[in-house]
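The listed protein sequences derive, respectively, from chains A and B. Note that the first sequence covers residues 1 to 179 in the working numbering. Note that the second sequence covers residues 1001 to 1158 in the working numbering.
Simulated from the structure, these hints should not be mistaken for laboratory data. Heads up, the beta-carbon is just placed ideally off N, CA and C, and yes, glycines get one too. Wrong hints could be hidden among the right ones.
[To be verified] Cut-off 16 Å, straight-line C-alpha distance, at most; resulting in silico cross-link-like pairs (EDC-like, lysine to aspartate or glutamate):
(1) B/K1114 - A/D80
(2) B/K1117 - B/E1107
(3) A/K25 - A/D80
(4) B/K1117 - B/D1040
(5) B/K1117 - A/D135
(6) B/K1114 - B/D1040
[Unchecked claim] Computed Cβ-Cβ distance ranges for the label pairs, DEER-style:
(7) B/W1071 - A/V100: 44 to 54 Å
(8) B/L1028 - A/S106: 24 to 34 Å
(9) A/L84 - B/I1096: 55 to 65 Å
(10) B/V1027 - A/V164: 23 to 33 Å
[Said to hold, decoys possible] Chain A residues, not near chain B, derived (Cβ > 10 Å throughout):
(11) I8
(12) L15
(13) L48
(14) R91
(15) V93
(16) V120
Single-letter residue listing:
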Amino acid sequence: MTPTTVEIALIAFVLACAVGAAMLKDVLASVMAFAAYSLGVSIIWLVLQAPDVGLTEAAVGAGIMTILFLLALANTVRPDEDRLFEPVSVRTVVGVGVFVAVMAASVPALPAIGDPTAPVTGGEVTQYYIENAYDQTGVHNAVTAVLAAYRGFDTLGEAVVVFVAGIAALSVLRQEVFA
Amino acid sequence: MSADTEPGLYVESTIIMTTVRVVAPFVLTFALFVMFHGADSPGGGFQGGVIAGSVVMMLAFAYGIGSTRDWVDIRIVAALASGGVLTFATIGLGSIALGGTFLEYTEYTFIIEKASKYGIELVELGIGAIVASVAIGLFFLLAAGFGHVTDEPREGER
């Protein structure tokens, strides 16, 4: 499958933002590049027809995380820098390059997007969800049906993890936010 | 934006205050839409909760973090987080008490006809309450910074 112009542009944008987030010397600029990266990734999720994931990436990655990073920056010292970019370490470039090469080598093994013969669509569980989710749960979003009904126990665990992590962070830092 | 200007972090701006005052109700409505309508369209408790939490952050940017912290009753935030977990757990365990399995929504059909649909939406609302209140809590926590804790008894142990 050849990528469309939009997809190529999105991937170029995300790559540029990722390199910017890693390389920019100024932390504030780095945070901005990271937010743009998250926004680009969320649009890629939309293009790949995963709007639920895209909405999460946009709200959490580009929204809340940026605000929390900015707040942390506002409470710390941000030295003025003359240089625009971090100096590049050869060892890091080689290490990251090898990692990316290994990951990229696995990409051709993935099934094409929307391939009906992909292993995940042929699975017994997937077929059960596709055939029964709408009738059994009464909702019209199969993602929600799986999250809140079929895999509800997992979702309860996730929600409790968010809750406990929030309480733990506040307790460790001894803030009276959750009085 | 440096540490020595900490009290001056907030800049009062009529434009930002007016915009936030107009936009905030719509953002909150959109958050509830994403939560409730997550059953039929993209979205759900996690996404809607984050958007709802961002309403408080918007208010804090417009009206100052300190005054927003005073305005938001922190007991309500704590009650939302605990209430979300309780809602989810009650619905999940309630169906076991009624003789079904965990989170078997059809056990509740004697209360409401489309028990499955409304049960899922209630669960999403519970998740949204947890996520929104944890996001608000973390926001105020980071905004408070760590410099003002002067009566810290075990500072050296960090």
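Going through the hints against the structure:
no.: 1; hint: B/K1114 - A/D80; result: violated (60 Å)
no.: 2; hint: B/K1117 - B/E1107; result: holds (13 Å)
no.: 3; hint: A/K25 - A/D80; result: holds (10 Å)
no.: 4; hint: B/K1117 - B/D1040; result: holds (10 Å)
no.: 5; hint: B/K1117 - A/D135; result: holds (11 Å)
no.: 6; hint: B/K1114 - B/D1040; result: holds (14 Å)
no.: 7; hint: B/W1071 - A/V100: 44 to 54 Å; result: holds (48 Å)
no.: 8; hint: B/L1028 - A/S106: 24 to 34 Å; result: violated (43 Å)
no.: 9; hint: A/L84 - B/I1096: 55 to 65 Å; result: holds (60 Å)
no.: 10; hint: B/V1027 - A/V164: 23 to 33 Å; result: holds (28 Å)
no.: 11; hint: I8; result: holds (25 Å)
no.: 12; hint: L15; result: holds (26 Å)
no.: 13; hint: L48; result: holds (13 Å)
no.: 14; hint: R91; result: holds (32 Å)
no.: 15; hint: V93; result: holds (31 Å)
no.: 16; hint: V120; result: holds (20 Å)
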